[in-house]
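Colleague: All chains should be built: construct the whole structure from the sequences, respecting the hints.
In our numbering, the protein residues as written are 1289 to 1590.
Some hints could be false.
Distance condition first, Cα-Cα at most 16 Å in a straight line; then the derived EDC-like pairs of lysine to aspartate or glutamate [stated by the list, open to error]:
no.	residue 1	residue 2
1	Lys1488	Glu1478
2	Lys1374	Glu1401
3	Lys1545	Glu1515
4	Lys1384	Glu1479
5	Lys1365	Glu1313
6	Lys1456	Asp1586
7	Lys1504	Glu1542
8	Lys1539	Glu1503
9	Lys1384	Glu1559
10	Lys1488	Glu1508
11	Lys1435	Asp1458
12	Lys1587	Glu1461
13	Lys1507	Glu1542
14	Lys1587	Asp1458
15	Lys1368	Glu1391
16	Lys1488	Glu1511
17	Lys1536	Glu1303
18	Lys1435	Glu1379
19	Lys1536	Glu1503
20	Lys1426	Asp1404
21	Lys1504	Glu1515
22	Lys1368	Glu1313
23	Lys1426	Glu1313
24	Lys1422	Glu1305
25	Lys1545	Glu1503
With beta-carbon atoms standing in for the labels, derived distance ranges [as the list claims (entries may be wrong)]:
no.	residue 1	residue 2	range
26	Gln1475	His1339	43 to 51 Å
27	Arg1394	Ser1482	38 to 46 Å
28	Glu1515	Arg1349	51 to 59 Å
Calculated from the structure, these hints are not laboratory results. Note that CB positions come from ideal geometry on N, CA and C, so glycine has one too.
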Amino acid sequence: MSQAQSILLESGTNELEIVTYTVGENLFSINVMKVREIINPFPVTTVPESHHAVEGVVQVRGEILPVINLATALNLKSIKPLDQTKFIISELNQMKVIFRVDEVHRIQRISWEQIDEPASLSMGLEETTSGIVKLDGKIILLLDYEKIVCEISNTGYDNKTLSGLEQKTDRAEKVIYIAEDSAMLRQILEETLSTAGYTKMNFFSNGAEALAQIEKLAKEQGEKMFEHIHLLITDIEMPKMDGHHLTKVIKDSEVMKQLPVIIFSSLITNELFHKGEAVGANAQVSKPDIQELIGLVDKLVL
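Modeller: Below, the structure is given as C-alpha coordinates:
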(Lines of atoms letter the chains of each structure in order from A and count residues from 1; the text may use other names and numbers.)
(Lines give C-alpha, C1' and ligand atoms only; values in the text may rest on other atoms or scores of the structure.)
Protein backbone atom coordinates (compact mmCIF):
# COMPACT_ATOMS: atom_id res chain seq x y z
CA MET A 1 0.00 0.00 0.00
CA SER A 2 1.28 3.49 -0.83
CA GLN A 3 0.54 6.68 1.07
CA ALA A 4 -2.77 6.36 2.93
CA GLN A 5 -3.81 9.86 1.97
CA SER A 6 -4.47 8.69 -1.59
CA ILE A 7 -7.68 6.94 -0.51
CA LEU A 8 -8.97 9.28 2.15
CA LEU A 9 -12.69 9.84 2.17
CA GLU A 10 -14.58 13.08 1.81
CA SER A 11 -14.95 14.85 5.16
CA GLY A 12 -18.11 14.45 7.19
CA THR A 13 -19.57 11.31 5.57
CA ASN A 14 -19.36 9.27 8.80
CA GLU A 15 -17.32 6.68 6.91
CA LEU A 16 -13.79 5.43 7.35
CA GLU A 17 -11.44 2.99 5.74
CA ILE A 18 -9.70 0.40 7.88
CA VAL A 19 -6.70 -1.83 7.34
CA THR A 20 -7.45 -5.29 8.73
CA TYR A 21 -4.65 -7.46 10.08
CA THR A 22 -4.08 -10.40 12.40
CA VAL A 23 -2.03 -10.89 15.52
CA GLY A 24 -2.09 -14.50 16.63
CA GLU A 25 -5.61 -15.80 16.07
CA ASN A 26 -7.23 -12.36 16.51
CA LEU A 27 -8.43 -10.01 13.78
CA PHE A 28 -7.77 -6.29 14.30
CA SER A 29 -8.06 -3.07 12.35
CA ILE A 30 -6.53 0.39 12.21
CA ASN A 31 -7.92 3.56 10.64
CA VAL A 32 -6.23 4.19 7.28
CA MET A 33 -5.72 7.83 8.31
CA LYS A 34 -3.22 6.61 10.92
CA VAL A 35 -1.28 4.47 8.46
CA ARG A 36 1.65 5.96 6.58
CA GLU A 37 3.04 2.79 5.05
CA ILE A 38 3.07 -1.00 5.34
CA ILE A 39 6.41 -2.67 4.69
CA ASN A 40 8.22 -5.94 5.12
CA PRO A 41 10.20 -6.19 8.36
CA PHE A 42 13.95 -5.86 8.68
CA PRO A 43 16.44 -6.20 11.56
CA VAL A 44 15.70 -4.13 14.66
CA THR A 45 18.31 -2.46 16.87
CA THR A 46 17.50 -3.25 20.49
CA VAL A 47 17.39 -0.45 23.06
CA PRO A 48 18.50 -1.27 26.63
CA GLU A 49 15.90 -0.92 29.42
CA SER A 50 13.05 -0.24 27.01
CA HIS A 51 9.47 -1.40 27.55
CA HIS A 52 9.04 -5.15 27.08
CA ALA A 53 6.73 -4.57 24.09
CA VAL A 54 9.30 -2.37 22.32
CA GLU A 55 11.59 -4.56 20.22
CA GLY A 56 13.91 -1.65 19.49
CA VAL A 57 14.28 0.93 16.76
CA VAL A 58 14.77 0.98 13.00
CA GLN A 59 15.66 3.67 10.49
CA VAL A 60 13.12 4.35 7.77
CA ARG A 61 13.98 7.05 5.23
CA GLY A 62 16.21 8.84 7.69
CA GLU A 63 13.79 8.65 10.63
CA ILE A 64 14.47 6.56 13.74
CA LEU A 65 11.21 4.83 14.68
CA PRO A 66 10.35 2.54 17.61
CA VAL A 67 9.01 -0.92 16.82
CA ILE A 68 6.13 -2.09 19.03
CA ASN A 69 5.37 -5.80 18.94
CA LEU A 70 1.58 -5.85 19.19
CA ALA A 71 1.52 -9.52 20.16
CA THR A 72 3.63 -8.69 23.22
CA ALA A 73 1.70 -5.50 23.99
CA LEU A 74 -1.61 -7.38 23.92
CA ASN A 75 -0.33 -10.53 25.66
CA LEU A 76 -1.07 -12.63 22.60
CA LYS A 77 0.95 -15.38 20.96
CA SER A 78 2.34 -14.55 17.53
CA ILE A 79 1.93 -17.34 14.99
CA LYS A 80 4.37 -16.01 12.39
CA PRO A 81 8.19 -16.09 12.29
CA LEU A 82 9.56 -12.54 12.55
CA ASP A 83 10.71 -12.50 8.93
CA GLN A 84 7.16 -13.26 7.76
CA THR A 85 5.44 -10.50 9.74
CA LYS A 86 4.64 -6.95 8.61
CA PHE A 87 5.53 -3.46 9.83
CA ILE A 88 2.66 -0.95 9.95
CA ILE A 89 4.17 2.54 10.09
CA SER A 90 1.65 4.70 11.92
CA GLU A 91 1.40 8.38 12.87
CA LEU A 92 -0.64 9.46 15.88
CA ASN A 93 -0.30 11.84 18.84
CA GLN A 94 2.31 13.83 16.90
CA MET A 95 4.67 10.87 16.67
CA LYS A 96 5.46 7.98 14.35
CA VAL A 97 5.68 4.38 15.51
CA ILE A 98 5.84 0.96 13.90
CA PHE A 99 3.48 -1.83 14.91
CA ARG A 100 4.67 -5.36 14.14
CA VAL A 101 1.73 -7.58 13.19
CA ASP A 102 1.48 -11.13 11.89
CA GLU A 103 -0.34 -10.54 8.62
CA VAL A 104 -2.00 -7.62 6.84
CA HIS A 105 -5.17 -8.42 4.90
CA ARG A 106 -6.97 -5.61 3.09
CA ILE A 107 -8.53 -2.17 3.21
CA GLN A 108 -12.28 -2.01 3.79
CA ARG A 109 -14.68 0.91 3.80
CA ILE A 110 -17.22 0.95 6.62
CA SER A 111 -19.48 3.39 8.46
CA TRP A 112 -18.88 4.45 12.04
CA GLU A 113 -22.46 3.27 12.61
CA GLN A 114 -21.16 -0.29 12.14
CA ILE A 115 -18.77 0.10 15.07
CA ASP A 116 -20.06 -0.81 18.52
CA GLU A 117 -18.57 0.23 21.82
CA PRO A 118 -16.52 -2.53 23.51
CA ALA A 119 -18.55 -2.54 26.74
CA SER A 120 -19.64 -6.16 26.31
CA LEU A 121 -16.28 -7.43 25.09
CA SER A 122 -15.23 -10.60 26.89
CA MET A 123 -11.93 -11.40 25.21
CA GLY A 124 -9.69 -9.76 27.81
CA LEU A 125 -8.86 -6.81 25.55
CA GLU A 126 -11.45 -4.32 26.85
CA GLU A 127 -8.84 -1.87 28.15
CA THR A 128 -7.11 -1.51 24.79
CA THR A 129 -10.13 -1.72 22.46
CA SER A 130 -12.07 1.32 21.27
CA GLY A 131 -14.60 -0.43 19.05
CA ILE A 132 -15.94 -3.69 17.66
CA VAL A 133 -16.78 -4.23 13.99
CA LYS A 134 -18.90 -7.16 12.83
CA LEU A 135 -18.08 -7.64 9.17
CA ASP A 136 -18.57 -10.59 6.83
CA GLY A 137 -19.41 -12.83 9.76
CA LYS A 138 -16.21 -11.91 11.60
CA ILE A 139 -15.50 -9.81 14.69
CA ILE A 140 -12.81 -7.19 14.12
CA LEU A 141 -11.38 -5.22 17.02
CA LEU A 142 -10.44 -1.56 16.59
CA LEU A 143 -7.67 -0.92 19.09
CA ASP A 144 -7.04 2.22 21.15
CA TYR A 145 -3.61 2.83 19.66
CA GLU A 146 -3.15 6.12 21.50
CA LYS A 147 -3.58 4.38 24.85
CA ILE A 148 -1.18 1.61 23.86
CA VAL A 149 1.49 4.08 22.76
CA CYS A 150 1.05 6.35 25.80
CA GLU A 151 1.39 3.45 28.22
CA ILE A 152 4.43 2.02 26.45
CA SER A 153 6.27 5.31 25.94
CA ASN A 154 5.24 6.75 29.31
CA THR A 155 4.34 9.98 27.57
CA GLY A 156 1.03 11.68 27.13
CA TYR A 157 -1.13 14.12 28.98
CA ASP A 158 0.37 16.31 31.68
CA ASN A 159 -1.91 18.79 33.40
CA LYS A 160 0.81 19.93 35.80
CA THR A 161 1.74 22.65 33.31
CA LEU A 162 -1.72 24.13 33.90
CA SER A 163 -1.12 24.82 37.58
CA GLY A 164 0.39 28.22 36.79
CA LEU A 165 -2.47 29.36 34.58
CA GLU A 166 -4.21 32.58 35.51
CA GLN A 167 -7.54 31.66 37.10
CA LYS A 168 -10.50 33.33 35.40
CA THR A 169 -13.80 33.25 37.26
CA ASP A 170 -15.75 33.36 33.98
CA ARG A 171 -14.55 29.84 33.19
CA ALA A 172 -16.75 28.34 35.89
CA GLU A 173 -19.89 29.69 34.19
CA LYS A 174 -19.29 28.04 30.83
CA VAL A 175 -20.87 24.70 29.93
CA ILE A 176 -18.73 22.42 27.78
CA TYR A 177 -19.91 19.27 26.01
CA ILE A 178 -17.23 16.67 25.32
CA ALA A 179 -17.58 13.76 22.86
CA GLU A 180 -14.78 11.26 23.52
CA ASP A 181 -14.95 7.48 23.39
CA SER A 182 -11.83 6.79 25.46
CA ALA A 183 -12.51 6.48 29.20
CA MET A 184 -8.88 7.41 29.83
CA LEU A 185 -9.23 10.61 27.81
CA ARG A 186 -12.55 11.52 29.41
CA GLN A 187 -10.93 11.32 32.83
CA ILE A 188 -7.90 13.33 31.72
CA LEU A 189 -10.07 16.02 30.12
CA GLU A 190 -12.26 16.26 33.20
CA GLU A 191 -9.23 16.68 35.46
CA THR A 192 -7.55 19.12 33.09
CA LEU A 193 -10.55 21.35 32.46
CA SER A 194 -11.40 21.37 36.17
CA THR A 195 -7.83 22.39 36.98
CA ALA A 196 -8.20 25.28 34.54
CA GLY A 197 -11.50 26.32 36.14
CA TYR A 198 -14.01 24.82 33.70
CA THR A 199 -16.18 22.77 36.03
CA LYS A 200 -19.44 22.44 34.07
CA MET A 201 -18.94 19.52 31.69
CA ASN A 202 -21.18 16.94 30.04
CA PHE A 203 -19.46 13.85 28.61
CA PHE A 204 -20.60 11.57 25.79
CA SER A 205 -18.92 8.37 24.65
CA ASN A 206 -19.71 8.88 20.97
CA GLY A 207 -20.79 11.55 18.53
CA ALA A 208 -24.33 10.22 18.15
CA GLU A 209 -25.08 10.66 21.85
CA ALA A 210 -23.64 14.18 21.85
CA LEU A 211 -25.62 15.18 18.77
CA ALA A 212 -28.88 13.81 20.20
CA GLN A 213 -28.51 16.01 23.28
CA ILE A 214 -27.46 19.10 21.31
CA GLU A 215 -30.37 18.66 18.89
CA LYS A 216 -32.72 18.25 21.84
CA LEU A 217 -31.51 21.58 23.24
CA ALA A 218 -31.95 23.24 19.84
CA LYS A 219 -35.49 21.89 19.45
CA GLU A 220 -36.60 22.86 22.95
CA GLN A 221 -34.71 26.14 23.39
CA GLY A 222 -34.02 27.53 19.93
CA GLU A 223 -31.30 30.16 20.12
CA LYS A 224 -31.67 30.17 23.89
CA MET A 225 -29.83 26.83 23.78
CA PHE A 226 -26.59 28.80 24.07
CA GLU A 227 -27.49 29.63 27.65
CA HIS A 228 -27.04 25.90 28.34
CA ILE A 229 -24.08 25.01 26.14
CA HIS A 230 -21.14 27.19 25.16
CA LEU A 231 -18.67 24.84 23.43
CA LEU A 232 -18.23 21.33 22.06
CA ILE A 233 -14.93 19.45 22.19
CA THR A 234 -14.95 16.34 20.04
CA ASP A 235 -12.64 13.50 19.14
CA ILE A 236 -12.68 12.26 15.54
CA GLU A 237 -12.67 8.48 15.93
CA MET A 238 -15.77 7.34 17.82
CA PRO A 239 -18.28 4.49 17.46
CA LYS A 240 -21.64 5.29 15.82
CA MET A 241 -20.69 8.81 14.70
CA ASP A 242 -17.28 10.37 14.18
CA GLY A 243 -16.29 13.91 15.09
CA HIS A 244 -16.15 15.15 11.50
CA HIS A 245 -19.74 14.08 10.80
CA LEU A 246 -20.88 15.45 14.17
CA THR A 247 -19.29 18.81 13.37
CA LYS A 248 -20.77 18.88 9.87
CA VAL A 249 -24.32 18.25 11.12
CA ILE A 250 -23.96 21.02 13.70
CA LYS A 251 -22.51 23.53 11.24
CA ASP A 252 -25.17 22.72 8.61
CA SER A 253 -27.94 23.65 11.06
CA GLU A 254 -29.27 27.22 11.08
CA VAL A 255 -29.59 27.16 14.87
CA MET A 256 -26.76 24.90 16.01
CA LYS A 257 -24.10 26.33 13.68
CA GLN A 258 -23.35 29.10 16.19
CA LEU A 259 -21.93 26.51 18.60
CA PRO A 260 -18.10 26.67 18.67
CA VAL A 261 -16.53 23.27 17.97
CA ILE A 262 -12.97 22.20 18.76
CA ILE A 263 -11.72 18.94 17.29
CA PHE A 264 -9.22 17.32 19.69
CA SER A 265 -7.71 14.26 18.05
CA SER A 266 -4.55 12.29 17.40
CA LEU A 267 -5.42 12.60 13.70
CA ILE A 268 -4.75 16.35 13.49
CA THR A 269 -1.74 16.42 11.17
CA ASN A 270 -0.66 18.88 8.49
CA GLU A 271 -2.02 16.51 5.85
CA LEU A 272 -5.41 16.02 7.53
CA PHE A 273 -6.07 19.49 8.96
CA HIS A 274 -8.14 20.37 5.89
CA LYS A 275 -10.73 17.72 6.76
CA GLY A 276 -11.70 19.58 9.93
CA GLU A 277 -11.75 22.86 8.06
CA ALA A 278 -14.06 21.36 5.44
CA VAL A 279 -16.73 20.52 8.03
CA GLY A 280 -16.52 23.93 9.72
CA ALA A 281 -14.59 23.24 12.93
CA ASN A 282 -13.68 26.46 14.75
CA ALA A 283 -10.36 25.04 15.92
CA GLN A 284 -8.35 21.80 15.83
CA VAL A 285 -5.80 20.57 18.33
CA SER A 286 -3.60 17.51 18.11
CA LYS A 287 -3.53 15.22 21.11
CA PRO A 288 -1.87 15.39 23.58
CA ASP A 289 -1.48 19.21 23.55
CA ILE A 290 -3.71 19.99 26.54
CA GLN A 291 -2.28 23.47 27.11
CA GLU A 292 -3.11 24.58 23.57
CA LEU A 293 -6.60 23.14 24.03
CA ILE A 294 -7.25 25.27 27.12
CA GLY A 295 -6.01 28.36 25.29
CA LEU A 296 -8.42 27.76 22.43
CA VAL A 297 -11.33 27.11 24.79
CA ASP A 298 -10.61 30.47 26.44
CA LYS A 299 -10.47 32.18 23.06
CA LEU A 300 -13.82 30.78 21.93
CA VAL A 301 -15.94 31.15 25.08
CA LEU A 302 -14.51 34.04 27.14
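Colleague: Which hints from the list above does the structure break, by number from lowest to highest?
Modeller: Failing hints, ascending: 2, 4, 10, 11, 16, 26.
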